[in-house]
Amino acid sequence: MPPTASVATLVARARAEAADWDRAGELPDSVVAEAARAGLLGVGVPAPHGGSGGTPAELGEVCAHLGGACSALRALVTVQDMVTAAVLRWGTPAQRARWLPPLARGERRAAFAATERGAGTELSAVTASVTEHGEEIEISGHKRWVTFGRTADTFLVLGTADGRPAAVLVEGDRPGVRREPVEGQLGLRAAAVAHVALDRVRVPRDHLLAPVGLGLSHVVATALDHGRFTVAWGCVGMAEAVLDAAAEHAARRTQAGAVLAEHEVVRALLGRCAVDTAAARELCARAAHARAERLPEAVADTVVAKYAAARAAVRVTGGAVQTLGAAGCAPDSLVGRFFRDAKVMELIEGSAHVAELHIADRLLRRHGFNSAAHVARREARA
Amino acid sequence: MATAAEDVLAFLTRALGSPVGPDDDYFADGRANSLFALELVAFVEHRFRLTVEAEDLDVGNFRTAANILAFVTAKTGDRSPGAVTDAANG
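Chains as they are written, first to last, in UniProt numbering: chain A, 1 to 382; chain B, 1 to 90.
Bound-form chain B, shown alone (with noise of 0.2 Å):
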């Protein structure tokens, strides 16, 4: 079973075309385009069943995969993220 890093760096590393590392900042590099932004939501909401909102994007939650697996672990409260990555492939 993939941990949840494993799968956010392989969603990451196949929609922008090259290897992503957890610290890189897609945005800011120029490997995002116009539409990877919602891509990036949709995945981080289907992955680990959880709703996104406007402020949620605010403070860089999406920039980095690390990043990610912060807000998840946050988002998802006392679950620990493998209980995320159970849930989400449960």
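Here chain A stands alone, though its shape is the one from the complex (with noise of 0.2 Å):
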């Protein structure tokens, strides 16, 4: 596990300084040596591989210390996890050996390259073209909303070869790779986010990571399953933070000579933001208890666990927002960032519709309902 001192460290400069660099719409190159001396960019990575071999929890609270300072420094824990699960799951030994260490030593900086414009919560939708040349594979498409796109330098970019879904590893530094900065968005804005287009990108075909076929169905799948379960614990540590920031104010604050916290619907939100929280928290530690033990409903646990603490972070910042007034509102104020970014949170990763879907699914399923199946059924009768 990395040490705690040098999280605790981090964590302290990150609550002084996030509000700069959300402006900035970056991290400081400081920031990110100071994460990866720390340990923080392969806390799930086994230690042969480079990594510090942490727990699912361990993780987890890891990404809540970070998330209740920085968004956007969680996001950066967040894409190399995606990116080091998925090659650790299903790399060849070859591919363990040379991508994982300096992946999670933070040598090498990950981004995970799957959304297009017309593919975002539907990927089987993606057109980027993946095709065979000799000994190399050739890719073209482009990428959108790339989180740390800007400065990655190492891609798993999602695409298509005939139909059939293939990830490949791709460095940032090859001919044909181009970043366009996004700025300004709703949230997480010091993820140095871009587009990222690739040109007839070309790469050794031992960068294709699994089979042609595996590159959505696993590939894929692996790195989102991982990217929801510690957005979800990001989230956990969002809300906590705004709530303690809402509770701090409502007990201080004095208007008219009244104590905010005197008024009783001030109260009964804090109340319902507690609960909120609370009940995040936990979900989020089933979850992590599932994947330790790798049950086979780690994936739906974590699917429930990243869907109740997104809403719980928009529920709670926005009640910490009402109750701040204000100072919610003002330039620098933690509680309107985290208010910005907790949206966000409700969108990638899976939407929390879709999750909803996903959730009532597998209620269905139990009860013999396939939803899927059901409607082809009923068009095919038609």
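Simulated from the structure, these hints should not be mistaken for laboratory data. Positions of the beta carbon are idealized from the N, C-alpha and C atoms, including for glycine. Check each hint, because a few of them may be wrong.
[Said to hold, decoys possible] A few chain B residues facing chain A, derived, Cβ under 7 Å:
#1 Gly17
#2 Ser18
#3 Gly30
#4 Leu35
#5 Ala37
#6 Glu39
#7 Phe43
#8 Leu57
#9 Asp58
[What the hints assert, rightly or not] Sample of chain A residues at the chain B side, in silico, Cβ under 10 Å:
#10 His218
#11 Pro296
#12 Ala300
#13 His358
#14 Arg365
#15 Asn370
[To be verified] Anything over 10 Å on all C-beta distances counts as not near chain A; from chain B, calculated:
#16 Ala5
#17 Glu6
#18 Asn67
#19 Thr76
#20 Gly77
Assembly of the complex is requested from the two constituent chains, each provided in isolation within its own frame, with the hints serving as guidance.
As structure tokens, this is what we get:
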């Protein structure tokens, strides 16, 4: 596990400086280096592969700590974990030996490039082409909303090889990789987001991760499953931090001689926020347990945890802005920044709507109802 | 004690929301959703105490219940499906 003292130092710095990073639209290099030195970019990677071999619960706590200070810093851990998890799970021994140690130590910086203009929630619609040319693979396509796409040097790219999903590792310095920075987006502003164009980029064949056909159902699915887990814990940290800020404000702020917390409406709001926050933490802990035990329901439990935690983050940050009033709307307000970031959490790594459908489908399947098969049958009859 | 075949069919039927026969290709017939492939891998690993590698997925090993059972038998070497059952439940 990363030494607790280094994490605490980094979190303290993030608390003091994250508003500046948000305005600048990037994390300072020294912060990324500090995160790497603290071992935060390889928490989930086993020690033999250069990581610190933390448990899911330990990775979760790291993300909650970081998430409570700066969502972009938590997102740095998320993208690194997504890509290392995919390589660890589906890479060959040679690929693990080549990619994992530098990624886990932060010498390589990862990004996940799947989304396209016509393929967001529905990633099976990606059009980026993956074609074989002898001993090389050529990739062309336009990837959007790549977190740390401006600074990463190792992209996990989802493409299609004649209709079959393929996942390929692409170095950022290959000819044909072009990055277009995204600025001023709703949230996660310090996460160096970029649209990334790949114009006939060639990589060796051994950059293909898992056989063609498994790129989405297994490789990208593993990355997204890990992304949901760390985003969920980051949301717990956000909710806990703003709940604390709102309670402190309510307990101290006085207007016309009355303390804010004297008003029942304020106390009721804080009560709801406290329950949302605690429930999110417990669902994340349940997911961490399922993952540590490698239970078949780990993926589904993680969807539930991420859905609940993102919703809690949205509700609690909204409640905190409401409670803080002008102080929550001020340019450098932590609760204001988290309010913007929280909404993004309900969209990334599977939107809240899709999560609801997955959760309901899973429930209904136990009662013999498969919505996809049902619709197919009804349409066939019509 | 449930046999390996019974456990696999019971998992698939529950996960896919309709009865699954030994040779049904549930990826082809539209019953699988985007989370199912990973859940299936996790089930097989957990139930039979083995690790599934990318190369194991390449040749349709996970497309039908019968293929899964054949894969498990091959992967666990000289252990019979009966021994597989005992190891997982023991």
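Verification of the supplied hints:
1. Gly17: This hint holds: Gly17 of chain B lies near chain A, its Cβ roughly 3 Å from the closest one there, short of 7 Å.
2. Ser18: Nearest chain A Cβ about 5 Å off; hint holds.
3. Gly30: Check passed: Cβ of Gly30 of chain B comes within 5 Å of chain A, closer than 7 Å.
4. Leu35: Leu35 of chain B check passes; min Cβ-Cβ to chain A is 5 Å, inside 7 Å.
5. Ala37: Since the shortest Cβ distance to chain A is 4 Å, the answer is holds.
6. Glu39: holds (5 Å)
7. Phe43: holds (4 Å)
8. Leu57: holds (6 Å)
9. Asp58: With a minimum Cβ separation of about 5 Å from chain A (threshold 7 Å), the hint on Asp58 of chain B holds.
10. His218: holds (6 Å)
11. Pro296: Holds. Min distance 4 Å.
12. Ala300: Check passed: Cβ of Ala300 of chain A comes within 7 Å of chain B, closer than 10 Å.
13. His358: holds (6 Å)
14. Arg365: holds (3 Å)
15. Asn370: holds (3 Å)
16. Ala5: Non-interface label stands for Ala5 of chain B: nearest chain A Cβ at 17 Å, farther than 10 Å.
17. Glu6: holds (16 Å)
18. Asn67: Non-interface label stands for Asn67 of chain B: nearest chain A Cβ at 15 Å, farther than 10 Å.
19. Thr76: holds (17 Å)
20. Gly77: Gly77 of chain B is indeed farther than 10 Å from all Cβ atoms of chain A, at 20 Å.
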